[in-house]
Each structure stands twice: as structure tokens, then as C-alpha cells.
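Make a model of the complete structure from these sequences and hints.
Protein sequence lines correspond, in order, to chains A and B. Be aware that the first sequence starts at 7, since it is given in my numbering, and climbs by one per residue. Be aware that the second sequence starts at 1178, since it is given in my numbering, and climbs by one per residue.
Incorrect hints may appear among the rest.
For the chain B half of the interface with chain A, some residues (derived, Cβ under 8 Å), not all of them [to be verified]:
1. 1314
2. 1328
3. 1348
Keeping only pairs whose Cα atoms sit at most 30 Å apart, straight-line, the calculated DSS-like set for lysine-lysine is [stated by the list, open to error]:
4. 105/A <-> 1478/B
5. 1288/B <-> 105/A
6. 1618/B <-> 1548/B
7. 105/A <-> 1542/B
8. 1542/B <-> 1618/B
9. 1202/B <-> 1288/B
Calculated from the structure, these hints are not laboratory results. Since the model is a prediction, treat every value here as computed from it, not as a measurement. The C-beta atom is built at its ideal place from N, Cα and C for all residues, glycine as well.
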Amino acid sequence: MIALFACLLLLLIGLYAVVTKRNIIRIIIGFSLVEYAVNLFFALVGFKHNGIPPIITHLGQSRSNFVDPVPQALVLTAIVIGLATTALMLALAMRIYEKYRTFDITEIRRLKG
Amino acid sequence: MDARFVPLFVVIPMAAAFLIPLLAKLWQRSADLIANAAAAALLGISVYGAASLVTESQVLVYRMGGWAPTLGITLAYDHLTALVALAVNALGLCALLFSVRYLDHYTGRWKFYTLFMLILAGLNGVTVTGDMFNLFVFIEIAAVSSYALVAFGTDFDELEAGFKYMVIGEIGGTAILLAIAMLYARASTLNMAVVSQVMAGFGRTPLFWFIVGAFLVGFAVKMAMVPFHAWLPDAHPSAPAPVSALLSGVFIKVLGVYAMSRVMFNVFGLSRANAPAFFNLLLGFGVVSIVAGGLLAYVQKDYKRLLAYSSVSQIGYILIGLGIGNYWGIVGALFHILAHALGKGLLFLTAGSVEHATGTRDLDKLSGLEKSMPVTAWSYLLGSLSLAGVPPFAGFFSKFFIIVGAVSAGMYWLAILAALFSTVTLGYLVSVVNRAFFVRKDREPTAAREVPASMVIAMLALLILTVALGVGFRPVLDKLVGPAAQNLIQGLGYARAILGG
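Laid out in C-alpha cells, this is it:
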């Protein structure tokens, strides 16, 4: 339960950073926090107390303590997707800096929104 | 009926995206050929799939690797999938044909085609998948490629729009991932059909509505309904014109409307009867989108920005069609997916032509293009008549069905609003004709030449499809849109169709 609240807290901190920060790099860090809060939550879905890896080592072994391996596989996929998005965001941030010579989003406002 | 063709929807564009960078090193122009050939093949199998569904009319199920549901990924192909795949691939082919000459003033031709193919892979993947996490992965494939394509021009506006789009879009994507995580925690499976059976036995608890809400936020961002629309009027105009056409025409509908309908109707089994609050919420968002998008479109000076606000407004029509929730409302919404994909795709291609020929999109600087670019001007005019809902074009029937649905549900005010705002649509779309295509008294016609043949063919193809869809609406309605609406209305019957097959 505490772990779930930690996830929620991490998510809220990340969202706060995305919404309020003016520096592009900080926005990207905030987004990474949001993403990792969700990944952590997803990994916790498969958590079990006294769980063991889901590998059958001998015949007749009880399978009731096996942790669910699916969320871990999914989180790995989500992390890879997150890597791609973060890399693209940083690449965009670099190109923005080359053009505007600033990371401050309040100065990057040519479009009317 | 053999379902072995279903994985090709993902395989073909993925293979093309892989081959284009390799062969472009040897021969620059090979990228044009591969991309167009792949898009033509995709359109071919969507037509083949739709035709075989019409004759046999049963859901086609393909199990990846032969694994049974709950273990492996299932691909499903029903009438709704067929309808959306047709819209995606028809517009995809026209946009790619248009790109061949349009890209003359861009560098990095093969990068463009690779990203475009990845978007097509993502969109086709979203339509055929029957697995929740697979849905998320395809959404992200399409979304990440679209961020890169929006920023493709790498000038001031493109970079700003790309970054803004990316941050907002990724928050939406993360909301979808969070919802999938909670869904998995309840259902312990990711197969949509099995999830829907588990969720049917799960009461309407606060957790249930929280999952629905997280999905709704994610899809709302992807489809740019007001008030989640802030990125769209920046992002769609900043992309190269063929990409704008694809983004406005099908991207927001596949990732937003189609994915949302599939999850809400077929996985959660929501219907007007058992969840009126949810459908009223959709109606509310739809009405706000129609009004805000339509009025904001009026004041735009940028050709493509005006069209982008129009897309927000037209998404509102699709939403009220779904929100009405009866047969005719959903038929209207699905018909509008087709009609708006063709119509708005066509309008964005004309915007690309005008930009290609004159170098500007500023409506205040254009005048009298009808003389020099007659095909573009007439394509624009007829396309906008279709979108505004003038018979006998396709857009008329979608709005007509939505109004029929509203009246038969007793929502007369909604019918009046839908009719009223189709005149607003006509007003702002025709204002472009007045400003750009007719000669204005106070200025000389802008010097321009009609665009090259391949771009003209792409526009004419979309125009012919728009007219054909309007004139021949009856067979499309009976064979494709009607059964597709039934796919949604039957709700949890989707699971029986998939698992029984």
C-alpha cells in the first residue's frame, strides 16, 4: 500500500514539473518521472509477498508462490518505448536550443496556441 | 475464410520502413517506389479483407504464433476494422503519391518515408489488434513517428509545435498505460475478448470508473477533443502537407475515436442503457468541440491552421454521434470517419499544393488562384462542400445520419445544433475560397502554376472517392458501416465472436 502511494506521489511530482516548469529540460525530467511512476505501478501489479521466480525447478513443485512474470515483460517494453520518447524529446530540445538560443518556454512562443 | 492476411497489415509497412533506409543508400529515388508500392499493397489487402467480410460476414481471428487467447496476441478483423483500415490506407496511398513531388523542397526524403511507413504500421496495428498492451505499443509507434514528422521542417514553428505536441501526447499515452496496468491488475490478462468477459462480472465500482476515466483522458488527448485540443492547431499545420492530411484525416480518429470506441463499447460493454452518464459526457465534449473548433476556425489567417481547427470541430460531430449511442448515431459517427478522412485529407493536400506553388499559407497574401490552379481550387471547393454536408457528397450523409439518430433519441436540440453548425462549417471553409481562389478587388492574382501531375492525381483520387462515397452511400451503408455499427452496439458480443471463432 505504501509503495502504491509512493507511485502516486511520484506521478504527482512529475505532473507538477511538466505543468509548472519553464525550462524544457525540467519538463522532460518531469515527464520521465510520470513515466517511471506508471512503470513502477505496473511492476508492482505483479508483486507477491514471499514470491519466487516462475521457473519450475522440480516436478510437483507448488506454483502458488510464483510471481506473475507478464507485468515485468510489459514494463520492459514500456521502458524501451520511454527510452525512444525521451531521446526524441531531448533531440527536439537540442534543436530548439540551436534555433532559439534558450530553453525557456515562455520565450519560445511564436505560435498563437 | 482464411485470416492469414491479417498480420500483413503490420508486416508490409514495417518491412517497407526497414527497406527504405537500406536501399536509399544505393538509389535515392527507390524510397518513392517502395513507399508507394507498400501503401498500394496495404490498400489492396484492405479492399480484399473488406470484400471477403462482405461475402462471408464473420469475424476473422488470427492467433499470432498459434497461441490460444490469454497467452498469445490475437488479431481480429471485423467490419469496424475493415472500415477504419480502408480509410487509413486509401488516404495513406494518396498522401504518399502526393509526397513524391511535394518533397522536392525538403531534404532527407528517405527519413520522411521511413517515418511515414512507421505511422502507417502503427495505425494499421491499432485497427487489427485484439490485445490491450499491443494496442498501447502500436499507439506509441504511430505517435512517436508523428512527433518526429511534425518537427520534420526543423524550423522555429515546427520545433515548437513538435515539442508541445510531444509533451501533451505523451502524457496522454502514459494515461493509457496506467489504465492498462490497472485493467491488468483486475483481469490478469490482456486479451480484449477475455478482459471484457472478466470485466462483465466486475461491478460498477469507483475503481471501474477510474480505469474508464484514465482511458478516456488518454484517448481524449489523442483525438484532440476540446479541452484537450491545445496541441492540434499547432502540430497539424506545422507538419509537411501529406502528413497533415494523414494526421487530421485518420490519425486522430484511429488513435482516438476508434481505439476509444473499441475499448469502451467492446471491452467495458458500456452502452447508453447501462452508462448514461458516460454517454452524456461524450455528448458534452462533442458539443463543446463543435462550437469551439468551428468558431475558432473563423478567425484563422493560416490556410492549414483553419483546417486544423475544423478538424477539432468535426471530431465533435463524431463524438456526438457516438454519444447519442443509438444505431443511427453510431452509423453517422462511423460514416463521418470515412467522409472526414477523405474530405479533410483532400483539403490538406490542396493546402500543400497552394504552399508548393506559391510558398505561403497566409490567406491574406493569396488571391485569384482559381485562374492558375483550377484543379486545386475546384478540389478544395467540392471537398469543403462535402465536409459541410451538402448533398450528394459523403459528408451530407454522415451528418444526416447523426441528425436522424438525435431525433430518434428525442434530442431535438442536438439535431438543431448539428444542422446549425454545418452552416458554420460551410462558412469558414468557403471563406478560404473567397480569399485564396477568387480574385479580390484590391489586389492582383497571385502568380502560380498548377502543381505536377502526380499531386493532381492524388487530389483527384480523393475527390472521386468523396463523390463516390456520397452517390453510392447505400451499398457502403448496408455492407460496411451498418454491420460496423452493430459490432459496437453488440458490446460484449465481440468477445463471443472472437473466442468462439
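- Item | 30 Å limit on alpha-carbon distance, applied to hinted pair residue 1202/B and residue 1288/B | Roughly 12 Å between the alpha carbons, so the hint for residue 1202/B and residue 1288/B holds.
- Quick one, are residue 1618/B and residue 1548/B close enough, alpha carbons at most 30 Å? Given pair residue 1618/B, residue 1548/B holds - Cα atoms ~15 Å apart, limit 30 Å.
- Message: residue 105/A and residue 1542/B were given as a pair; does the straight-line alpha-carbon distance stay at or below 30 Å?
- Response: Holds, at about 26 Å.
- Assess, step by step, whether the Cα of residue 1288/B is no farther than 30 Å from the Cα of residue 105/A, and give holds or violated. Roughly 21 Å between the alpha carbons, so the hint for residue 1288/B and residue 105/A holds.
- Going straight from one Cα to the other, do residue 105/A and residue 1478/B come out at no more than 30 Å? 25 Å, holds
- Using 8 Å as the Cβ threshold, decide whether residue 1328/B counts as touching chain A. 6 Å, holds
- Message: Hint residue 1314/B vs chain A: min CB-CB distance below 8 Å?
- Response: Holds - the Cβ of residue 1314/B comes within 8 Å of chain A, reaching about 7 Å at its closest.
- Task: Below or equal to 30 Å on CA atoms is what counts here, so check residue 1542/B against residue 1618/B.
- Result: Judged against 30 Å, a Cα distance of about 13 Å means the pair holds.
- Can residue 1348/B be said to touch chain A, with a Cβ gap under 8 Å? Cβ of residue 1348/B sits 7 Å from chain A, so the hint holds.
Of the numbered hints stated above, none is contradicted by the structure.
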